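What follows is each chain in one-letter form.
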Amino acid sequence: MKSITVALAGNPNSGKTSVFNMLTGARQHVGNYPGVTVEKKEGQCTHRDWRITFVDLPGTYSLTAYSTEELIARHHIQEDRPDVVVDVVDASNLERNLYLATQIMEMDVPMVLAFNMSDLAERHGLKFDLDQLSRLLEVRIVPTVGNKGQGRTELLDAIIETADAERQKRIHRVTYGDEIEDELLAVQQALGKADSDVVTRYGRRWLAIKLLEQDEDVTSKIRDRGILEVVGRSVAHLRDILGDEPEIVMADRRYGFISGACQETIQSSVERRHDISDTIDAVVTNRVLGLPIFLLLMYVVFFLTFKIGSYPMDWLEAFFGSLADGITNYWPSGRAEWLRSLLVDGVIGGVGGVLVFLPNILLLFMAIALLEDSGYMARAAFVMDRIMHKIGLHGKSFIPMLIGFGCSVPAIMATRILENRRNRLTTIMVIPLMSCGARLTIYALFIPAFFPPHWQGPMLWLIYLIGIVLGIVAAKMLRLTVFRGETMPFVMELPPYRMPTGKGVLVHTWQRGWLYIRKAGTVILAVSIVLWFAMNFPKPPADRLEGRSAQEARQESLRHSVVGRVGLAVEPLLRPLGFDWKIGTALIGSVAAKELFVSQLGIIYAVESPDEEAPSLRERLRADYTPLVGFCVMLFCLISAPCIATVAMTRQETNSWGWALFQFFGLTGLAYVLILLIYQIGRLWL
Amino acid sequence: MSQSIGVKERQIRPLSTAKAGERVRLVRIDAGRGLNSRLASMGLVPSAELRVVSNGHPGPFVLIVKEAKVVLGRGVAQKILVN
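Read top to bottom, the protein sequences are chains A and B. Going by numbering that gives the first Met the number 0, the first sequence opens with residue 0, and the numbers climb by one from there. Going by numbering that gives the first Met the number 0, the second sequence opens with residue 0, and the numbers climb by one from there.
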């Protein structure tokens, strides 16, 4: 059994993901490229006695040093040296897609072209002479339709045959015209004299090409002054005689080669008309209509998500409830009571509380996958860009922030669509300010407790609004200080509108959903267990509990435990905010998951089941605190301490504990200062 | 500076001045290397044929290059010189 590694490259929107899925089926694994924020997808398959490992490279238009994604793709091909690179090209805009192919060719690695979306191209009236094209490019071409699973066997066959040929086949070389070729020769000669391992590893011609393009990454690898001087002179000379940067002229020559090859092999029987796609765009990106249409769509998405999601949510809640009851009833009494409590209160209470949101999350992901696969998302990003740009973010940043209204965990995952690292970090930092579904349980308890009916709706809106405004301000501040830098000018391809396939949507939904379950589940499980211990130990001595009712006993136990003591200890810190030890203790619990805040308060006030006797809990709260304090508590929960799952996801996506802690303490600090101000000033007025 | 009848001397102007439906040819891009390179890799190289789909007012600047639709944000269209 032979093993090979195959890298998958291609333009964004070329259907690379579908081809990857088609090749690897369910056997995929998503991880992180070390040190960077872009996901690394690997998958496996076995074909005819070969074990093939596929690595899905980020979608790129080129392999320059100008963006992290391109560098990653390039580094993988150069450093990890896959046996074959499959370039997935979109047959309906072949010329642009082949640009990447020319870059891969120059890296001296065997390549196969997956001629994807060939069904669409045919429908547009394009006819291809693939044999001729294959000969001109000196590369094997396999027609595929990724999202229908067509072409899989042929592609795998081509990959194997190419790998087997062991680089004996000639790889095509793009020539750049006399002037540039002369300079390339000069640089290659200079490189030849240097004889360093850089030269052996990357090859003289490729290095020379990159050096003439003034590629920053490659230039930084060359130590030899002599070589750099030769390059400098060549570049200056070319600038003179060509009247433009060598980099641009070379790009032009590549397109010239591509154009020539395509002219001989493509027949276009239908002139591209102003089609329905353009009409839709005119409406959807209209200066006046664009934003309302977008907001309307978002409203529909959220409404449906929570409406349809509420049914499975209720089932899950009932399921976990009966599971807890079942364990309680069938547990042999008196035996290892602590284990039963751990299972029921700790594990099921903690993990169950989070998993209950799974249907919502999946539905939200499905809606987003639909919008993405249909091509609308690119238009939406443009519409939002006008606003986002003012904050210093890219239009696409709006999408993860919107997801954050459901849950921060998938929202942070969604920031992968942002290409600019600083953009991405800023967005990740402020996502927790988009009030998530979990916090809603807190508002549902507090608002009716402190505010009369006609104030309740506005209060809820106010809290959400404060979150959004704070998010905007914080993003702006971050972009001016910590994450200072230019915003990328907005240049984006608008893919043609496509009918999303059920298969495609489900795959995209599951990719995100599974990660949510796994990450949130493992982290929440661990923390719930830890929290359970902290809430139940140390136990007060038996005499302290004598004569008390079960509820009072629980309250006393809590006071005595680690969590309770910490709550008491931080009380002095919290008093300037109008809080006391009870709120402090509940807040500690809510760090695990915001939903726990309510149940914690219930225990503290010695109310057995907060939901059934909610009026009672609300009355107790009203008796203890003023509406100002109630408001402050809600705001504090909104802004401070994102839940452990969020912190864990931030750490995963940024690959650094530093940013995760910055987010955690930054937000908590912000909350503290803000609530302090609000409370102290509010006290003077009210 | 002679002008023969029937031959219009085509001026070099920013892409932002082109109207919807117009076909133009790219001359050069007056921008930093990053943006320049990005645009080049998407097909905006000297002598590339561009077709304007829509030119803002209201709405975005959308053009077709190499059979693909690309939308440009603030100020980018002004940096692209065509004739």
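One thing to keep in mind: the hints can contain errors.
Label pairs and their calculated CB-CB ranges [what the hints assert, rightly or not]:
hint, chain 1, residue 1, chain 2, residue 2, range
1, B, Gly-20, A, Thr-480, 24 to 34 Å
2, A, Gln-149, B, Gly-20, 30 to 40 Å
3, A, Ser-655, B, Asn-82, 42 to 52 Å
With the Cβ distance kept under 8 Å, some of the chain B side facing chain A (calculated, not the full set) [said to hold, decoys possible]:
hint, residue
4, Ile-11
5, Pro-13
6, Asn-35
7, Arg-37
8, Ser-40
9, Ser-53
10, Pro-59
11, Glu-66
12, Gly-72
13, Arg-73
Hint data in this document are derived by calculation from the structure and do not stem from the laboratory. Values in this document were obtained by computation on a predicted structure and should not be read as measured data. C-beta: ideal position from N, C-alpha, C; glycine also.
We went through each hint and held it up to the structure:
1. B:Gly-20 - A:Thr-480: 24 to 34 Å: Violated - the Cβ-Cβ distance for Gly-20 (chain B) and Thr-480 (chain A), about 45 Å, lies outside 24 to 34 Å.
2. A:Gln-149 - B:Gly-20: 30 to 40 Å: Distance hint for Gln-149 (chain A), Gly-20 (chain B) holds at roughly 37 Å.
3. A:Ser-655 - B:Asn-82: 42 to 52 Å: For Asn-82 (chain B) against Ser-655 (chain A), whose Cβ atoms are near 49 Å apart, the range 42 to 52 Å holds.
4. Ile-11: violated (13 Å)
5. Pro-13: Violated, about 14 Å.
6. Asn-35: holds (6 Å)
7. Arg-37: holds (6 Å)
8. Ser-40: holds (3 Å)
9. Ser-53: Holds, about 6 Å.
10. Pro-59: holds (5 Å)
11. Glu-66: It holds, given that the least Cβ distance between Glu-66 (chain B) and chain A is near 4 Å, below 8 Å.
12. Gly-72: OK, holds: Gly-72 (chain B) within 8 Å of chain A, min 3 Å.
13. Arg-73: holds (7 Å)
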